[in-house]
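Q: Given next are the chains, with one letter for each unit.
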Amino acid sequence: MSKIIAVHSYKGGTGKTLLSVNLATIFAMRGKKVCLFDLDFRAPSLFSILKVENPECWLNDYLNGTCDINKVLVDFSGKIHGNGKLFIGLANPATEAIRDMSAKDRKWEMRALGRLLSLRNLLLNDREFDYLIFDTSPGLQYSSINAIVTADFVVVATTGDRSDVDGTRRMLRELYNLFEKKTGLVLNKVLDSASKSKKEEMNSKVNTIYQVPMLGLVPCFCEILRAEGNLIFVQDRPDHPFTKILDEMAKKIENNDVN
Amino acid sequence: MVVDVTNNYQCFVRLNKPIIITSTVHAKNTRGKLVTKEEVLGKKPLYVLEKIRENLERLNEKMEVMIELQKHGRKDIQPLPDSSLDVMTLLSMPDHLRKTAMSICRCGRATAEEISQQTTRARAVESAYLNQLVIMGYLKKERKGRKAYFFADRESQG
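Protein sequence lines correspond, in order, to chains L and X. In terms of our numbering, the first sequence has 194 at position 194, counting the first letter as 1, and numbering is strictly consecutive. In terms of our numbering, the second sequence has 139 at position 139, counting the first letter as 1, and numbering is strictly consecutive.
To be clear, the hints were calculated from the coordinates, so they are not data collected in a lab. Heads up, the beta-carbon is just placed ideally off N, CA and C, and yes, glycines get one too. Some clues are possibly wrong.
Straight line, CA to CA, 20 angstroms or less: simulated EDC-like cross-link-like pairs of lysine to aspartate or glutamate [to be verified]:
#1 L:K79 <-> L:D130
#2 L:K32 <-> L:D236
#3 X:K99 <-> X:D153
#4 L:K198 <-> L:D161
#5 L:K181 <-> X:E54
#6 L:K32 <-> L:E248
#7 L:K244 <-> L:D161
#8 X:K99 <-> L:E180
#9 L:K51 <-> L:D75
#10 L:K104 <-> X:D153
#11 X:K147 <-> X:E54
#12 L:K107 <-> X:D153
#13 X:K28 <-> X:E39
#14 L:K33 <-> L:D75
#15 X:K140 <-> X:E57
#16 X:K99 <-> L:D236
#17 X:K99 <-> L:E248
#18 L:K182 <-> X:D95
#19 L:K3 <-> L:D152
#20 L:K3 <-> L:D161
#21 L:K51 <-> L:D236
Far from chain L, some chain X residues (derived; all Cβ distances over 10 angstroms) [claimed, not checked]:
#22 K37
#23 I67
#24 D86
#25 M88
#26 D95
#27 R98
#28 V125
Could you put the whole structure together from the sequences, leaning on the hints where they help?
A: Okay, structure coming up:
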């Protein structure tokens, strides 16, 4: 069963954060104990989307080895419907912190990998979390590859953009496959995907181009754009088609049904 | 002075008891009289045997590395001046070594036997790959009794 999930993409703007936040929320709404981490140290966004300010420690501090992981976690469960638990680990959005994270050397990254790997014991085993979800930065960044190596399952977000298709295909071959990672592809911002025949066509296209299982196909919803990142869609719009798609994705991951 | 000395080593083994080794020395003294001296050597010879066995195991590991060197060619395992087992290094490794290195990253510290259980490859094969990674400077090796533990030394670097 996949316990640590990394949400990654080749390019930016593919909807990684939207998928991460909503997947984490939907798992929590189903009664699971979930922790969502912002591993996009170059462009942190969770603090702003979830409106959490000044945690005791940032995820940067944990990776620097200057604080305990328990001081990083912010309990967000009070804002989630249902009896599940949602905790957040935030990346520091200060310019100085972003600059500092961009200048880390290979040895620091090696230690950071060790600290990410130890989260399996610290959080899954000791604190009995059901899922850890990593929202990563796009492309071949150190922090993203560290997250991929740590994860059991990688949700790969992509769009129909030509350069994104080529880059994602290359990453599947030269990154996820080399690390023998289980992957599921989410094709986001799909136009005219309402009809069944169009969905089947997209499914077969994904199978031919990427040769990996399709986790979900997300149409381009104007409502998501209009929300301007102010809503947790699966909670605030339970009847919206996006919520149903995310629910299906969560079920597939939960049942290990990504084939 | 002593003219002639002969040594007889005797080993007594009793069921469920530790091995006791005694040494009997027959010698003639200056007057030509035969003198016999028996000494219980205790566990010291066992310690020596244990050391011999450990050395044989090390030799075995070195031979496994040499076999692997011949199989894959030396180019894969040149030691680097500043080796760190980060993800970019993992990506650039040959497939057979990456699998072993990834397992060590996950375990933190493990024996060849433990790694072989994860990778489902033979223990001897994993032992050879782990030793290659030690030679390349990516892993450290530490002996504790009969077991050899491998680990990526993250804390002492940088």
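Q: Hints the structure violates: just list their numbers, smallest first.
A: The structure breaks hints 5, 7, 16, 17, 20, 24, 25, 26 and 27; every other hint is satisfied.
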